[in-house]
Every structure is written in C-alpha cells, then in structure tokens.
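Position chain H against the provided structure of chain G, taking the given hints into account.
Protein chains: 2
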Amino acid sequence: MPAQPLDATPEQRAKAGEPPLQHDGQDQKPKQLPKGVVLGPDGKPCRSCTSVASWRAMIKEKSTQPKTVSTTQPPAIATTSLQPPKDCPPDVDELGRSTWTLLHSMTATYPEKPSFTQQSETRQFMSLFGKMYPCWVCADDFRAWMKEGNEPRVSNREEFGRWMCEAHNAVNVKLGKEAFDCNRWQERWRTGWKDGRCDQ
Amino acid sequence: MPAQPLDATPEQRAKAGEPPLQHDGQDQKPKQLPKGVVLGPDGKPCRSCTSVASWRAMIKEKSTQPKTVSTTQPPAIATTSLQPPKDCPPDVDELGRSTWTLLHSMTATYPEKPSFTQQSETRQFMSLFGKMYPCWVCADDFRAWMKEGNEPRVSNREEFGRWMCEAHNAVNVKLGKEAFDCNRWQERWRTGWKDGRCDQ
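Heads up: the protein sequence lines correspond to chains G and H, in order. Quick note, the first sequence lines up with residues 66 to 265 if you use my numbering. Quick note, the second sequence lines up with residues 66 to 265 if you use my numbering.
Hint data in this document are derived by calculation from the structure and do not stem from the laboratory. It is possible that part of the hints are untrue.
Identical copies carry no separate label here, and so any pair may be met within one copy or between two of them.
[As the list claims (entries may be wrong)] List of simulated lysine to aspartate or glutamate pairs, EDC-like, C-alpha gap at most 16 Å:
| no. | residue 1 | residue 2 |
| --- | --- | --- |
| 1 | 259 | 152 |
| 2 | 109 | 177 |
| 3 | 259 | 213 |
| 4 | 196 | 246 |
| 5 | 212 | 177 |
Small disclaimer: the values here were computed from a predicted structure and weren't measured.
One chain only, chain G, in its complex shape (with noise of 0.2 Å):
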C-alpha cells in the first residue's frame, strides 16, 4: 500500500514564488531557492509545506553562500528516505502522513447513522480544515477539490469513510503515487486486514 502523505506535489510547492524569490539580506538581490521550498503569507519560507530535504538544501545554501554555489542547481534528493530529527517541526511529509491518521481515524469512528446535528458539524469540521492545514497550498488544493463536485459526503459511515478515500486518492495521484483502492478503506483504517497481521 503506498504511503498516503496529505501534502503538496512540487507544483503546489512552486505556487507560493513563481520563481520562488528570497531576498538575500546583504545585498538586497533576489535570490532563488532551492526547488521545493514552499514561502509562507509572511514571505518566509514555510516548514509545513516543505519537505525536509529541500529545507535541508535551503541551510545548506544559506551557509554557503560565500562561495559559488549554483543555486539554480539543487541537489538530487532522495524525498523517500528522509525524515527530519525527533522534536523538530514536522516537514510536509510528516504533517501529512499524521494528518491522514487522524482524518481516517475520524470516519472510522463516525457513527453508521449520525444525527442530522453530526452530519452538519462534520461538514463545518472540514470546511474549516480546509482553511486551517498549515500547508496553505496543500489547503488551497483540498477547498479546490472539494469544491469540483466533492463535498464532504457524510450520510453515514461508509460514506464518509470512501468520501476521505477519494479525497486522499486525489493526492495520491497527483503527487505520482499509486491509488488506494476505497472498497477496503475500513480493513485500512478500522478493522485491521482481513488475514488478521494487524492483530499480531
């Protein structure tokens, strides 16, 4: 099964500078980051929509700067196997991979026949997610797609389970990644496979 990260795709990243700018503080010039690096609504680059690697390539060229390194050129980086250092701020990555768990989590607990009052505060719950993810172009993507047609479906479990299935599936396949196949999102995220390993 592939990993599921709720995060943004390197264009989502390139959105926040189309050339992603920074001004160098000695010289007042513009200077390029490094691909990935993702800039805040404060200017600054933004942790939550970055992956540890490009954030690493950032540091790295910031220190040094003094000498003639191409910034257009940034190393080749290996996204998979990097995770960035216990009780530090999580990358991207890491605030997807966390951020699914609990999404997937709450369909897995969502009643089979909620309230109408459920059903309704579900619907705000995700609007509202959709505007506060610290990844703001990973957030803007996800109101995007929620808006062509995907709102939130939340009749009863099994709906809201698949809804979060596609909408994961919508990241997955625009990062590249293989789609999970939604008719087992509850052996995923709820009752453990069927051949019983989640139970050892």
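Chain H in isolation, oriented as in the chain G frame:
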C-alpha cells in the same frame, strides 16, 4: 523531551466500561476485558481509544478462550515499545502523536495578527475537534478541560501556541509524563531548536 500523546489515561480507558464487560457470543456470560481496552458507543472495543498492547492482549484472550486462561489477570504490558504494524489502524498512542503534530503545527502557522473571522473560526474548529476526536474518552476529557476556564486563546500566534501547549501538558500530567516548557513551544513546533539540530 517527553512524547506527548493525546491519549487516554488508565482511568479514562476504564471509563467506558466499569467494569469493562463483553458478552461472550457462546454462553452470553459477561466477560471482563483486559485492562486498558475501552468500549466505543456501540459497545464494541474502541480501537482509537485503546493501546496496541491492550488490543493484542484482548485478541490473545479471545484466541485462547477454550483454555483456562485468567481473564482478570492480563499480562504485564510494556506500552512504550509497542507500535501497531504498518498499514494498520492506529492505536490510541499513534493517533495522539499524529493529532498533536497537526494541532501544534496549526498554532505554528497561525497568524501573528489574526482577523476576527480567523479567531472565530479557530475557536469553532477547536470546539468541533473536541466533539469529533476519534478517541471518545480523550475527547470527553479535552472538552471538560476547555470548560474549566481553558477556552481557546486565539488572539495571536503566541497565545494560541501557548494555549495548545497547556492543553497538551494537561494530558501529559494525567499520563504521569513530564510537562513541556511552554516558553519553548515555538522552538519545538515552529522554528526548530536554537542549537540548530533541526536543520541538520
């Protein structure tokens, strides 16, 4: 620094069934569940409310039912080292860690000067979160804590981050864990530590 899960204390876990009883399908005699297994609103064991250790103890007891195994003396459980298998539903600890990662990150990207609407939506989000968190006993406790004079403080980033840190510490204290120094929440969740170890 301590791990800071938003999870259930033994007392919270016991809340759901005092004593935790389960009907045995074969003889209809109530059967005691292993320590730490919390029931959901549907009367079935709640995976999001239970540690993987207790869950496994429960499965083990189920599979050894015909034998003369004591169900009142569950095995000693080392909860700290156990992790749910990959691609399996998260236990209460994994869910807690994931959720704190999202919540603290939300405070890290919260504006320094939020609009009235942003403040109002943030209060609303936290209120809905308190109703919808998948571990219902944890959610109950979180709502109770907020009502005890701990309404979300959302007037600016520093306030919101500090409030979240205090919310997390309330759980830490219940779990017998060390409280986190909230003066350093920005280093932990936003900027990385001053010694630079988060940039390496």
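Cross-check of the supplied hints:
1. Taking the shortest Cα distances, residue 259 and residue 152 sit within 16 Å of each other only across copies (13 Å), while inside one copy they are farther apart (35 Å).
2. Taking the shortest Cα distances, residue 109 and residue 177 sit within 16 Å of each other only across copies (14 Å), while inside one copy they are farther apart (44 Å).
3. Taking CA atoms no more than 16 Å apart as the test, residue 259 paired with residue 213 passes in neither setting, with 34 Å inside one copy and 43 Å between copies.
4. For the identical chains of this complex, residue 196 and residue 246 are neighbours neither inside a copy (28 Å) nor across copies (29 Å), given an alpha-carbon limit of 16 Å.
5. For a Cα distance limit of 16 Å, the shortest separation of residue 212 from residue 177 qualifies neither inside one copy, at 25 Å, nor across copies, at 29 Å.
Of the numbered hints listed earlier, those contradicted by the structure are 3, 4 and 5.
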